[in-house]
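Participant: As given, the protein sequences belong to chains A and B, one line each in that order.
Just so we're aligned, residue 1 is where the first sequence starts under our numbering, counting upward by one.
Just so we're aligned, residue 1 is where the second sequence starts under our numbering, counting upward by one.
Don't take every hint at face value.
Dumping the calculated DSS-like pairs for lysine-lysine here, alpha-carbon to alpha-carbon at most 30 angstroms [stated by the list, open to error]: (1) B:K76 x A:K9; (2) B:K221 x A:K12; (3) B:K76 x B:K66; (4) A:K290 x A:K12; (5) A:K12 x B:K195; (6) A:K115 x B:K221.
None of these hints come from the bench; they were simulated from the model.
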Amino acid sequence: MESISTKQKISKGFPYLLLIILSLPIILGYLWIVISTFSTRCYGLVPVDQQERYFRGLTLSNWSFLTDKSKTLNTSIWLLTLNTFIIAIGLTVGVVLISMMAGYALSRIKFPGRKPFLSLTLILHSFPSVTLLISIYFVLRWIQAIPVLGRGLPIIGGFGYNTLGGVILVSISLQLPLGIWLMKGFFDNVSWDLERAALIDGCSRWRTWWQIMVPQIRPGIAALSIFSFMEGWKSFLIPYSFMTSHAKATLSTLLNEMLSESSPVNYGTLAAVGLFQLLPVILFYIFTQKYLLNIFAGGVKGTA
Amino acid sequence: MKKREEIQTLKQSTGLEWLWFLLPSMILIILFFFLPVLITLFVSGTNMSSSTGFHNWKWVGFRNYKLIAVHPETSKHLWLTIKYVAVTLVFFNVGMALVISLITTHISRRAGYFFRALWLLPRITPTVIYVMMWKFLAANAPYGVLNQIFFQPLGIKPQDWLSAAPFLFIVLVNGYIGASFGMIIFTSAIEAIPKDITIASQVDGANFLQRVRYVIIPYIKWPLLFVTTYQTLSLLTSFEQILVLTNGEFNTEVWSLWAYHRALDNYWGNFQWGFGNALAAVLVVIGIILGIVYMRYFKFNELVQEPKIENL
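Isolated chain B (complex conformation) (with noise of 0.2 angstroms):
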């Protein structure tokens, strides 16, 4: 009986007291994430510039989508785009990240943990100085580091390798910051395959590679592919590296980047917010989409239970 009275007063206590808990990040989520979700889409639809300010502009419907359909740029910034992503997912986030962690989880603890911390160094470096060291690494004699200890010594003109190839230089920047997510993500889950298994594959007379590929792997299913969507959706959208490296030139515009610089940071001074946008909206539909597809597969109802202390 004198339970029964408790779960009575607690229920009564609740009242609305988890408003006042939420208002704070409601707010801020409303502020800058809803509201700038409602402002893409609603600006894209205007002709919005700097010359015609924000009082001045007019309703132009679809017209920022059909000019970015028939733009003369938009194949290069987009097969740039895709290539860029691709390449860093294939050969950092994912091949780099499960290379690293496969070598550090079989060699000494205290070598692996080593290696794994240095790897994560350049995820930590502020990306201005960690650009500014990859631009000495690559740049012209007699100040870049590659040419003095890798090229000179082998009789290959010395040259600043970003301008010469720019592609490679983003990839490998983005590359070596994007490593160390999977690298940890695996690492755990390599970590956790139970130790019997491993151990039979090896009394069965299985070599290394045998055992990554028929015991690790599968065994590491999920954590590839989470790791897969979750990065192709953050090299998709992120340019900050892009930013400080290249600015965009020789040839790196990425699509994000092409957004950023039409609508905020550009020579001319001339903000298009309206096609900026536009541009910047194709990206938050592929963001919405993907976030209610992360969410329905890596079986995230289970992390949504209801609390218990209202039901003692």
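Extracted from the complex, chain A is given alone in its bound form (with noise of 0.2 angstroms):
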């Protein structure tokens, strides 16, 4: 009786077992950054002292690039975190509002080039389209000539190469097919009565556009607005390539200099600036997910 009941928590505990191996690179690779955030130098997942005694050592010192009087970064956090969001917001609101017109018209109107247009976006959808960015490179570079939109606005610096309005430009373009089809399937599944009584009373598309059809899709702003924000939030290839001083450009430029660097760096501020930059994201998931395992298959909706 006994050795089957023990058999029976075997095969229970087996998929758990495997499922805790296969999963194990990444639970180290989380709890290594955590540790040596917080140790003076760290040996594996040990936090060690100066005079190498195991399990000592712990330290806040590494986070005092926050404050940075010590110059530890030769570049300002604050400034860098400030880019940073100012990218994650600008591709949040630009993919997120041109998504909701475009999907809106895919959805509700009909005209002449309608099915080409959507097969067009679902075909860049699935388009590679990193395999353009060389050739980005020559638009920005093109728009970088024209005056003002180029590089003279304020804040964003303009929209041309080497500035944030033309990392956020491309971002936008690069996720809009997806915005755009996810968009329209929201707009698809809101009732049609709604939308025919406020057009017969004479409303104009614009307003049943705005006051009556973006209202009924809130969840799909919501999944879109926060997929967008941690897509922008976290953008690497796009500010690398197309800003000129990493050092000075985003959060995750500066990391990967920092990493890449040949003398070494202290390991313990490269984690920490890491997990800064992770922590949000983090709490941000923990909160959000119902809303981003919604794109996440919504972005495939319908293909299976």
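Reassemble the complex: the two chains are provided individually, in unrelated frames, and hints are given to aid placement.
Facilitator: Here's what the structure looks like:
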């Protein structure tokens, strides 16, 4: 009797064991970043102090870059945080607004060329946009030459090469196929009666869109906003390619710069800067998981 | 009678408003998709580089493509790319994704949810931070985590595993991100399998592996095919993780990274836009073809039905 129950226990525990083993790199990686952030040095997962004594040397000094008087980073972390934030916000507002407009038209208005446009967004959705980065460089150089718009705007600097606005514009465009497709899906599910009533009462398309339809798809807007914000916050390749000063662009490019330096950097500071950028993402993720799962699955909805 | 008048007014009120709704996205799609595709094809036919500048270049026809064909490094990059895409796809983006979704749908709901959330972490983590974790997992003693908890206790000589097994690590780093895409799609597909079918197979005495083989896999055939084709393209063209991890060192320069390095990011400061764009054009053409193939095969026509509002 007893042997059966232990056997059952083992067979019940087996899937968990397998899952934990498979997930080990993820678990260890995140453990490492948290531990080394608060250690003078870190041997594997063990904090070590200057005399190499194990389980000693816990410290907050790795976080001194936040109030940088000692100039550990050669740059202000808050300026970079602001840049990263501007990119994330710009991307979010741009993608959501433009996708809502296009998604509405594609879902509700009959016009010549609707079907080709829809197929186009679908093809672009699966199209590997990273292959276009080299040519996008040319487009940005060209925009840069336009007076004012190119590089003469406040805050975002303009829309050309080596400006925050340029990074935002490229990011918006590459995200757009997903956004349009998602918003169209949400508009498709709104009842027709509501809109018909508004239109028959003489409401213009714009007012119907903004006052009647947009409030109906709040969950979709929330999902796309969260997703876009996180994409903007973590974006690396676009700012890395199109901002010339990597140490002064975004948190990601700074971290990459520190990581690839040949002279040994302080690993604790490296981990701390990483955790500083990661923390908002994790918090955001914990509270908005449902929305995010929606979009990860929704981005490919109906394809199965 | 009244109804017909209403329809009339509706139709007229449409006008050109759709154009204004679509204008911003059209401009951006033209600027950052259409134009770049044309530029890629065009520049790949020139000798444009940072030494010719944007003005003194010459048209060279297909010379860059011929150069690729005879380039001594071409076969190396091509073979690495094929190997990398195939191995990552089979073992992670499809294989691991399937394993994780199968296990997490057959344990308690909460535990399943927890582990899937865990597997999504690499996808939402900023790439540089995620790669940094792997670098320190693989690092040499005394810093490396793998050396400390696995290899040293087993008596294996500690070393920097990233340079010792670079191919393994580009697969792992990308695989642990890529697996979550398939995981989400497979999970919802598995959960959508009608309960009576599962129960019937259990009544018939099928064990778990038989159920997977004869019930679940046939049921999620389309999602499997979708994830396979979709992820092939994304593995073939994305290089962000490899760029941060090894920057192409230790023989990890896949095709897309090769193009990027040649055209935009190299130590010598000589940007070969013509040659790099020819390398990229190969991928762009593959991307366009596969994109059209997906559209045909995954029944996208059903998704693009006419809107009803104009024909009340």
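Participant: Which numbered hints turn out to be false for this structure?
Facilitator: Hint 1 is the one this structure does not satisfy, whereas the remaining hints hold.
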